[in-house]
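*Asks:* In order, the protein sequence lines correspond to chains A and B. According to the working numbering, the first sequence is numbered sequentially starting from 161. According to the working numbering, the second sequence is numbered sequentially starting from 95.
By construction, these hints were calculated from the structure, which means they are not laboratory data. Warning: the hint list may mix true and false statements.
What the hints assert, rightly or not - In silico DSBU-like pairs for lysine-lysine, Cα to Cα no more than 35 Å straight-line: (1) Lys-142/B to Lys-167/B; (2) Lys-459/B to Lys-357/B; (3) Lys-357/B to Lys-309/A; (4) Lys-232/A to Lys-407/B; (5) Lys-291/A to Lys-407/B; (6) Lys-312/B to Lys-260/A; (7) Lys-183/A to Lys-407/B; (8) Lys-241/A to Lys-276/A; (9) Lys-309/A to Lys-227/B; (10) Lys-232/A to Lys-220/A; (11) Lys-253/A to Lys-232/A.
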Amino acid sequence: MAKNTVSSARFRKVDVDEYDENKFVDEEEGGENQLGPDENEVDSCIRQGNMLAALQAALKNPPINTKNQALKDRAENLVLKVLTSYKSSDIDKAIQSLDKNGVDLLMMYIYRGFEKPSENSSAIFLQWHEKALAVAGVGSIVRVLTARKTV
Amino acid sequence: MYLGQWLYFPDKNLQILLDLIKDSSLLCFNMSLYSFGTKPISCHAWNKDHTQLAISTNDHTVQIYQKDGNEWKKIHELAEHNGNITGIDWAPNSNRIVTCAVDRNAYVWSLKDGVWKPTLVLLRINRAATCVKWSPLENKFAVGSGAQSISVCYFEEENDWWLSKHIKKSIKSTILSLDWHPNNVLLAAGSCDFQCRVYSAYVKEIEDKPSSTPWGTKMPFGEILFEKGESGGWVHGVCFSPSGDCLAWVSHSSTVCVADAAKEKQVTQLKIEFLPFLSILYVSEDNLIAAGHDCSLCHFQYVDVDNLQFVSKLGMAKGSLKGNQSAMQHFRNLDKKATTDADDTGLETLHQNSISQLRIFHGEKSNGAKFSSIGLDGALVIWDFEVPK
Numbered sequence: 161m162a163k164n165t166v167s168s169a170r171f172r173k174v175d176v177d178e179y180d181e182n183k184f185v186d187e188e189e190g191g192e193n194q195l196g197p198d199e200n201e202v203d204s205c206i207r208q209g210n211m212l213a214a215l216q217a218a219l220k221n222p223p224i225n226t227k228n229q230a231l232k233d234r235a236e237n238l239v240l241k242v243l244t245s246y247k248s249s250d251i252d253k254a255i256q257s258l259d260k261n262g263v264d265l266l267m268m269y270i271y272r273g274f275e276k277p278s279e280n281s282s283a284i285f286l287q288w289h290e291k292a293l294a295v296a297g298v299g300s301i302v303r304v305l306t307a308r309k310t311v
Numbered sequence: 095m096y097l098g099q100w101l102y103f104p105d106k107n108l109q110i111l112l113d114l115i116k117d118s119s120l121l122c123f124n125m126s127l128y129s130f131g132t133k134p135i136s137c138h139a140w141n142k143d144h145t146q147l148a149i150s151t152n153d154h155t156v157q158i159y160q161k162d163g164n165e166w167k168k169i170h171e172l173a174e175h176n177g178n179i180t181g182i183d184w185a186p187n188s189n190r191i192v193t194c195a196v197d198r199n200a201y202v203w204s205l206k207d208g209v210w211k212p213t214l215v216l217l218r219i220n221r222a223a224t225c226v227k228w229s230p231l232e233n234k235f236a237v238g239s240g241a242q243s244i245s246v247c248y249f250e251e252e253n254d255w256w257l258s259k260h261i262k263k264s265i266k267s268t269i270l271s272l273d274w275h276p277n278n279v280l281l282a283a284g285s286c287d288f289q290c291r292v293y294s295a296y297v298k299e300i301e302d303k304p305s306s307t308p309w310g311t312k313m314p315f316g317e318i319l320f321e322k323g324e325s326g327g328w329v330h331g332v333c334f335s336p337s338g339d340c341l342a343w344v345s346h347s348s349t350v351c352v353a354d355a356a357k358e359k360q361v362t363q364l365k366i367e368f369l370p371f372l373s374i375l376y377v378s379e380d381n382l383i384a385a386g387h388d389c390s391l392c393h394f395q396y397v398d399v400d401n402l403q404f405v406s407k408l409g410m411a412k413g414s415l416k417g418n419q420s421a422m423q424h425f426r427n428l429d430k431k432a433t434t435d436a437d438d439t440g441l442e443t444l445h446q447n448s449i450s451q452l453r454i455f456h457g458e459k460s461n462g463a464k465f466s467s468i469g470l471d472g473a474l475v476i477w478d479f480e481v482p483k
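Same shape as in the complex, but just chain B (with noise of 0.2 Å):
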């Protein structure tokens, strides 16, 4: 089957199963690609057993589509911004749904008799809100946004409403990406002035005192505990490892850095050869994987400070997927493009364009071998991914 092929049909979903075996890496994985339309899937979330997802294609909406075999059926639509929805994420266990848009607000919802219902955040910012990611006790939420500020919301019993609270140290531009600490305290923050920052989100409303980590003792509200960065790069991915020592960012100027809390928070830095990345995962304590404006996902190992390394791009097509032309496909092709020739604008890689956000699809993010991607181009694809050890 041409890879392409699924571009003639923009409102189905195909299902593209491949079993490529990499040479040099010996690692075995399918992908499956499930296109949701033309246009860009901006943020996705799934639910606990991963039979259910959560997306937003660049409006006001967030879709629910339900697995039904091969297909996804549309069961919910939630609607109630006001503006471009960007950033949804999904409480696992309490089954709840946070999203945030360009509106200022965030909607917290819960499923009541199987409808969807919405609940205000007062996030108290007067710019639009950027990402937004559930706690992992999934008691509290954090909002970046551009005011210059992290919403940290918890929800208050008297008064039946969530609060926020806001940590504005040292932030001088828009917040990018949000990533929790497994201890539930700390938040690390990529942000549009160049910096990857550590806070403590500590509420003593709801929480206990958090337990000392290698990151720092002392965690009052808003602390910073680690910042880092250079001049130039947006920070557009950061990711806790799955025991919170290592702290890995991805920013605009082509870089991947790791910060090891463990050593002292030395932070070792590779300089990449391809666009920059968007979004960056762990996958296993060492193994992580970033993608971005390369369209493709590039993995990486980290064994030690100074010692971060590229592996290998994962999901290039092979060339001779595109050789078989069938005689209906010669014609279709000569009556759209009048041209014979294949499709050549078409990227070798699964993405047609550039991967805005990674997540955990199976597992947690210390054995997340399968996790999926979604694209400006409409597309989500789901790798499962084989960690070496």
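So here's chain A without its partners, still in its complex pose (with noise of 0.2 Å):
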């Protein structure tokens, strides 16, 4: 009791929680289908000034059941790419374009963004944020929270 537990504290750092028998863990899906956007297709249609197809391709095949940081790493560059080279005012229409599903895979990347932010893509995000809540609601940013396999 009187013991001086402050030097000796491993057992402090015991994880519990994986001892746990009635733990819950998530189902494990297979993603080993899931390639994440394509690269290559994203560019051209940057190139070619397509900036609605741009962001369609770069919404395709989301990693979301994927256990590879490297390939979700690169679909959120990807669509950060297509997301800057957006003109303000295009923003409105590219929003219309897309599905009810479409809009939240855009919110889930858009927080993914906002994790890590790099010097102006904030501003940018923010920009997304604020027109793509105006077309799903709170509804979006509620399912982007719960969403227990993101982007």
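Taking the hints as your guide, dock the two standalone chains into a single complex.
*Replies:* And the structure:
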């Protein structure tokens, strides 16, 4: 009882949840087929100036179920590239062209973008966030927060 | 009358009657708001002729109120639990109340000589009970709990006590909501493990073998007949349609889902743009009402698979109601808040905080034109809704 536990505090680093037999584990769904958006396709669309198609291409095959972090990072960078090359005036039209699932997916990418800010990206993401929110409502943000597997 | 005025009289019960005509959908409905103080109402239940109301305001007791004109008079207090009451259900025909609480107990209350007497139910759970529902024939009831199980309780005549059987299959987390199928055997359960399931709660000791339904033919006790969920989104509320062929549920991921047993149990999901719902109710075979953290009621219609539509929000107060401030009000605002501005912190909706539960007030699910909602703002609202054909 009077033992000094400050120095020998190894027990404090034990993760008790690992030993819990009733621990909830998410179902493992096969993520092998998810390749992420096609970089070449997106690049060619941007070069041609077809921004709508570039956005659609960037949102295809989202790497939601994979554990491959590199794949997720690549997808994220690709989407960031597309979002930054958009003109502010075209953002509204772009979001109109997406369906409900598309806007939810875009919201997921926006929040991922918030996590790792680079010089100008936050301002761009905030703009996209405002427009997407106007279309999809707070429900889309709730779905980003409650999703257990995100991009 | 300014809509937020009742806040100044927290102990009185003011009734506000509003007649609003919705322009687009031409639905007329009345709403009556009753305030039961400032503490949130966690659960409520009505008696058979809806003259008495049992509520719990987030504490260990259940209060029963009697309707007296436009006011509610407290006539009974049911105090036996040692923890917050989480569920109340009133069996209309046998006039028994079942309550469950976080103290891992449930009691069945019977009225004897004008006093409600409790009978302990042996739930055999080691975590809090979260919800309770009488079956349609009132010969058994189901209690959901945090012990990852559902206790189906029935009365054993021999020993004069309530016994329970556990449903545990596949449940990996707390049960949040329950609803019985009209055939008195099937039970829908919404859980924190993101799944909505339909179980068989067939108790062979007290009933005959059930006939088959679109949900399945073999129904041994505890069998799962339907299981669906997406990762992410606790299932807060479940409700069978009046015929029992459809099952609707709302989850924390801001979605409303309907499973259609008649169409091979296909699930239609609708993503909504509001904050998550906590409760869903069928008011006719095709019409659903959902309410929750958005503090307002939403009306949905389910026509067929992949055809679940949001119709409208109900009970939005018109802005013009706030316009007329009397001189007395001006002075009151100045005195209390040092400002003459109208109270802009009040919500436009009738409820000023999340709505925790919806219940049929008058009639049944098949023609539930009147239903009630309770909220974390301590208010009870009775809605008179004209169901569109």
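*Asks:* Need the status of pair Lys-357/B, Lys-309/A: alpha-carbon distance at most 35 Å?
*Replies:* holds, 30 Å
*Asks:* Would you check the hint for Lys-291/A and Lys-407/B, treating anything up to 35 Å between C-alpha atoms as holding?
*Replies:* The given pair, whose Cα atoms are some 23 Å apart, holds under the 35 Å limit.
*Asks:* Please work out if Lys-309/A and Lys-227/B have their alpha carbons no farther apart than 35 Å.
*Replies:* Measuring from Cα to Cα gives roughly 34 Å; hence the hint holds.
*Asks:* Next pair to validate is Lys-312/B with Lys-260/A; report whether the Cα-Cα distance is within 35 Å.
*Replies:* violated, 39 Å
*Asks:* Taking 35 Å as the top limit, are the C-alpha atoms of Lys-232/A and Lys-407/B close enough?
*Replies:* Violated, at roughly 39 Å.
*Asks:* Is the Cα-Cα distance between Lys-142/B and Lys-167/B 35 Å or less?
*Replies:* holds, 18 Å
*Asks:* Check the hint pairing Lys-241/A with Lys-276/A against an upper bound of 35 Å on the C-alpha distance.
*Replies:* holds, 14 Å
*Asks:* Take the C-alpha atoms of Lys-232/A and Lys-220/A, compute the straight-line distance between them, and say whether it is at most 35 Å.
*Replies:* holds, 13 Å
*Asks:* Quickly compare the C-alpha distance for Lys-459/B and Lys-357/B to 35 Å and report which way the hint goes.
*Replies:* Holds, at about 21 Å.
*Asks:* What's the verdict on Lys-253/A and Lys-232/A, does the C-alpha distance respect the 35 Å limit or exceed it?
*Replies:* Holds, at roughly 27 Å.
*Asks:* Take the C-alpha atoms of Lys-183/A and Lys-407/B, compute the straight-line distance between them, and say whether it is at most 35 Å.
*Replies:* violated, 39 Å
Violated hints, listed in ascending order, are 4, 6, 7; each of the other numbered hints is respected by the structure.
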